[in-house]
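Asker: Spelled out, the chains give:
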Amino acid sequence: MTATATPRTKRQKKEAAGPYGNVGKTVDVLDERLGFAKGGRVFMDKIFPDHWSFMLGEIALYSFVVLLVTGVFLTLYFVPSQRLMTVPMDFPYKPLRGDTVSEAFYSTINMSFNVRCGLLMRQMHHWACDIFVASIVVHMARVFFTGAFRKPREANWLVGVTLLILAITNGFLGYSLPDDLVSGTGIRIADSIMLSIPVIGSYVSFFVFGGTFPGDIVIERFFIIHVLLVPGAIMGLVGAHLGLLVRQKHTQFPGKGRTERNVVGSPMFPVFIFKTQGFLFMVLGACALLGALAQINPVWQFGQYYAANISYAVQPDWYMGFLDGLLRVMPAWEFNNFGYTIPLEVTFPAVIFPGIVFNIAMAWPWIEQQFTKDKQMHHLLDRPRDVPHRTAFGVAFFALLAILFIASSTDVLANFFHVSLNFVLILMRVLCFVVPVIAYPVTYFICIELQGGGSLMGKRKRANVVVRTEEGEYIANPSDPRPGDAHEELDATPVPTFIIDEAVVVEAEEVVSEGGVKVAAR
Amino acid sequence: MTDQHEPADITTVTADAPQMQPLAKDPDAMANKIGLLFILGLICFLGFGVAYWQDAAFWLYGTLIGAGLVALGSGFIAWGKYLLPKGPFVEERHVLASSTEERTAFSAALMERGVAPIKRRKALGALLGGSLGVFSIVALFPLVRSLGPLPGDSLATTNWKKGTRLVDINGNFIHIDQIDVGGFATVFPEGLQLTDDGQAIDQTFLIRVDTEPFTTAKGREDWTPSGYVAYSKLCTHLGCPVGLYEQQLEVLVCPCHQSMFKVREAAIPTFGPAPRPLPQLPLAVDSDGYLFAAAGYNEPVGPGYWERP
Amino acid sequence: MVTMQKTLKTYATRVGLGLVGAAALTTMATPFLAGAAPVHAAELGSSHVSCPAGTTAKYDPEYGVPASLIGEDSKTKTKNAGTAYSSIQCYDASGQLVAYGNDAILYKFPASSLAPLGEKLYQQNCASCHGTKADGVLPTYSAGAYPALRGLGPATINFWITTGRMPAADPKEVQAARKQPRLNPFQANAIAAYVNSLEPATPGIPSVNVKDANLTAGQTLYALNCAACHTITGGGDALAQGTYAPSLHVATPTQVAEALRIGPGNMPVFSGNLTDDEVRDITAYVTESLAKPTDIGGVGMGGLGPVAEGFIALALGIGILMLVSFWVGERQ
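Chains as they are written, first to last, in our numbering: chain W, 1 to 522; chain A, 1001 to 1309; chain E, 2001 to 2332.
Hints are computed from structural coordinates only; laboratory data are not their basis.
What you were told as hints is all true, and nothing was included just to trick you.
30 Å max Cα-Cα, derived DSS-like pairs, lysine-lysine:
hint: 1; chain 1: W; residue 1: Lys-46; chain 2: A; residue 2: Lys-1025
hint: 2; chain 1: E; residue 1: Lys-2292; chain 2: E; residue 2: Lys-2211
hint: 3; chain 1: E; residue 1: Lys-2172; chain 2: A; residue 2: Lys-1262
hint: 4; chain 1: W; residue 1: Lys-94; chain 2: E; residue 2: Lys-2292
hint: 5; chain 1: A; residue 1: Lys-1161; chain 2: A; residue 2: Lys-1218
Distance windows between CB atoms, simulated:
hint: 6; chain 1: E; residue 1: Lys-2179; chain 2: W; residue 2: Gly-339; range: 53 to 59 Å
hint: 7; chain 1: E; residue 1: Ala-2127; chain 2: A; residue 2: Gly-1227; range: 29 to 35 Å
hint: 8; chain 1: W; residue 1: Phe-43; chain 2: A; residue 2: Asn-1032; range: 31 to 37 Å
hint: 9; chain 1: E; residue 1: Pro-2200; chain 2: A; residue 2: Ser-1154; range: 52 to 58 Å
hint: 10; chain 1: E; residue 1: Lys-2179; chain 2: A; residue 2: Gly-1152; range: 55 to 61 Å
hint: 11; chain 1: W; residue 1: Val-419; chain 2: E; residue 2: Pro-2200; range: 40 to 46 Å
hint: 12; chain 1: W; residue 1: Arg-8; chain 2: A; residue 2: Asn-1032; range: 37 to 43 Å
hint: 13; chain 1: W; residue 1: Pro-270; chain 2: A; residue 2: Asp-1026; range: 19 to 25 Å
hint: 14; chain 1: A; residue 1: Val-1095; chain 2: W; residue 2: Tyr-340; range: 54 to 60 Å
hint: 15; chain 1: W; residue 1: Glu-154; chain 2: A; residue 2: Leu-1036; range: 45 to 51 Å
hint: 16; chain 1: A; residue 1: Ser-1154; chain 2: E; residue 2: Pro-2171; range: 50 to 56 Å
hint: 17; chain 1: W; residue 1: Val-29; chain 2: A; residue 2: Asp-1026; range: 37 to 43 Å
hint: 18; chain 1: W; residue 1: Tyr-20; chain 2: A; residue 2: Arg-1113; range: 43 to 49 Å
hint: 19; chain 1: W; residue 1: Gly-339; chain 2: E; residue 2: Asp-2135; range: 53 to 59 Å
Ideal placement from N, C-alpha and C gives every residue a C-beta, glycine not left out.
Go ahead and model the full structure; you've got the sequences and the hints to work with.
Answerer: Written as structure tokens, this is what we have:
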């Protein structure tokens, strides 16, 4: 820098500051010390594909933000203790005055009634949890049906499934904390599920509860797992999930100008930052509105948990519904041999089945490889209809889970439709088998049919112009394309659906010559 | 819509390129709309502040802050979508994999510097592995074994013994004339009605089904004095309290998963996932007319588990 | 997890009987049953319980417990299907019992002068199924028999008619549904008077003193005894073989107390394991706290719990946010 003269006027000052003013100066100062400008520019230039379905994972990310913020608030008031106390006689909710309750229950109702914004935070936390798990499932479905889990993203798929398991686990732990009748019943069922594990079941139960159910320590233990261990693990894995996403770059749908070798979309700065920031506020706002207007888990109406009390129609939160449903529809198959018991009517629905579900989910990238023998890199997504077997399997799988989810409210359905409980349960047992078996072929053939539609689906047909020739002959000619349609009817750019891993280019050459280059329809 | 142009390279694009233009046809009008959204957000946030300060209705301040956030978010999104460069932009996807030489070099370094020396000193490597293995096992002791006592046979036993009087939740004895046919009471061993064990394990469902004794199963002829019958209240499915009695159907239903048990027939499950009948407590009447247990339960109560005989 | 000390505590203070020795009870009960000196309601020291105008009250500060029920440490004074357990009895000029009960609940018999009107209404509305003498009819439908009504007591008649379950719309139904009553409360009273005149019986029609109720005790007792069928929020749900537990949100205090004491349909009879105080507490909890739930957190969604909440989260929560992403992102 060559200082000439001290700037006097405003204009001189502006000129002396360089074209980017104070921002430029600040960047200079910081970059001399941290050296971030080069990498930062790369980051700002990072391109994110714009498709709407790529925002679903962000719902999960931002509802997790809501969970962290509201959760920290709740820890300031919640007392994770089963010690007994008496509800003060001036407590706002009459039916609990003078009641003997645990400190966990009292601190929950106290923050709901006596802490300003406490109930809002509690309800936002619970709604955000329901939305968190739901958005993970929806996001996962998107990734599954578009084949985004294929090489090189298998590891990120594993991280995602693990996140889903952790989210469900933490949801259940949080549901158990207030020590109300509903959560206590949930813990009791969890205890029985632990007992049902062959060989080690009773040890698991005794180690979790510090003795027989209910003990006096389980809420303290669940609390520390709920607020520290699992959220820590989730945060770490979310970091890994996003880190892998940045490293491997986002997938994209095939389309004009899009190849396996590029990413088309909006830059990180400013477009994506603005959109995603806005989306964060939208998720926050949705949770706040739900928390303000729709009551969730009114524990004061349920009362303190006593082991001898029970309510009908106690259900877990929705994401545990498929387990509860299977526990209901499972026949009573208990095996007792050589002095040992395997309570399969519990072990299968609550231990083996979720094990199967999540293992299939985790192993899916490799399961699919076994069928397709496809070991190439994929950065362009499939349209679900183009991979009918995967789509059909996914639909059948989700249909089974959906039926089990519905089966978790057999009593509510029976009451609502005024039919016998027995009838509903038997119907659900049948549907568990029938619906997935029907869903697979139906989806498969819908996919096959849709494939024929291709890129002309939904486009306006061109009119036929009928011309009478001088000889009296009539000829029908298609009219010119309408102005708005013209550019859509350009020839699609041929797009290879996979690129060759440069490191193994020698082996891959064969594949290219055999399969040639697939042309994407769009 | 954004695909009208060929994607541009973000690093080289000039400010006047079509991709750098906003999507909005009339950016000024759009800016006004976005401004309105931000003003709406501002008003909502101020309203929240006032409502909080005044301790207004819960739903009011919740709605205000929620609406404010939605307005703010919509403004942000609209700004990003309509006023900022509409794109599309393109970026090259770099090949993640390293070159073959780099890989070979890495593997070589790994094997030659790290693993190969261990292989040469096999005994040392085995000792290291063994010691780490033992460490990882003993490290589990405090993490797992300290968590609680061993179960022993505590799952198979209850506090019901021969001669234990039945008491209700208030600690009152149950007199033989007290409950009418079609009535029930949740009963506990005397003195344990207020304890964790009494409530969680010993809880028993006492029903008066009849005025006369009846036989629930062979060998249980004298277990039901004056038509009283007592079953463990713990469902054999998942341990929920089976507190749902239908007096005309004479069935017990578990409120959790709707297993149904026939009260007159030793509580055999007729429907639902429960695998076993509810254990029955033999009853007797003392000279004062109070009910007591003629013996403890003859099998473990509650759900199934591995060691259950 | 949590013991129920408070239940015991409140019980002891409410009833105040645990402290009274058995011998004292025996001596008190015997003269009462034999007929103690009449005391007017105004002298009872309780502003809440009074006999109907023009009647004479007999009062015993303790429940009149038959000697047979008193053991060495008994607090078995829970039953109130009849006068023997009542601390107050009201007689009219002719010496006929018109009401009995205590501070918590007064069970009233309908005036016998209504019996002629009741007979007429009975023959029109009830006799075709229950027989002209209220002694029942053998079952002709598989759905069930038509029970004899005589000897059931006025509370039973009153409950079935005032909840609209009787006269039944369809006698073949598994369970008569609550509906708009066809007969008004006065007519129900008259029919009860007629049936009671055929064979006098208890319980009378309970009038519950909900003002003095202990809602906390009511909540605990409800969770122990009632929630298993009616759900913890009182919404009711489907039970075995097409039966169901009805919603409690529309029941009146009298109907709740009647149901507890008589056990209509498949509902168990709570005559032996709940005192009148406890029935009063449950009644107050049901009619005050459950019928008008404290939904301070927003829309209560019918107390359906996680089923409704999950539906909202999936349909509204994630649904709307997906629409937002549909707006944010591009669509092809």
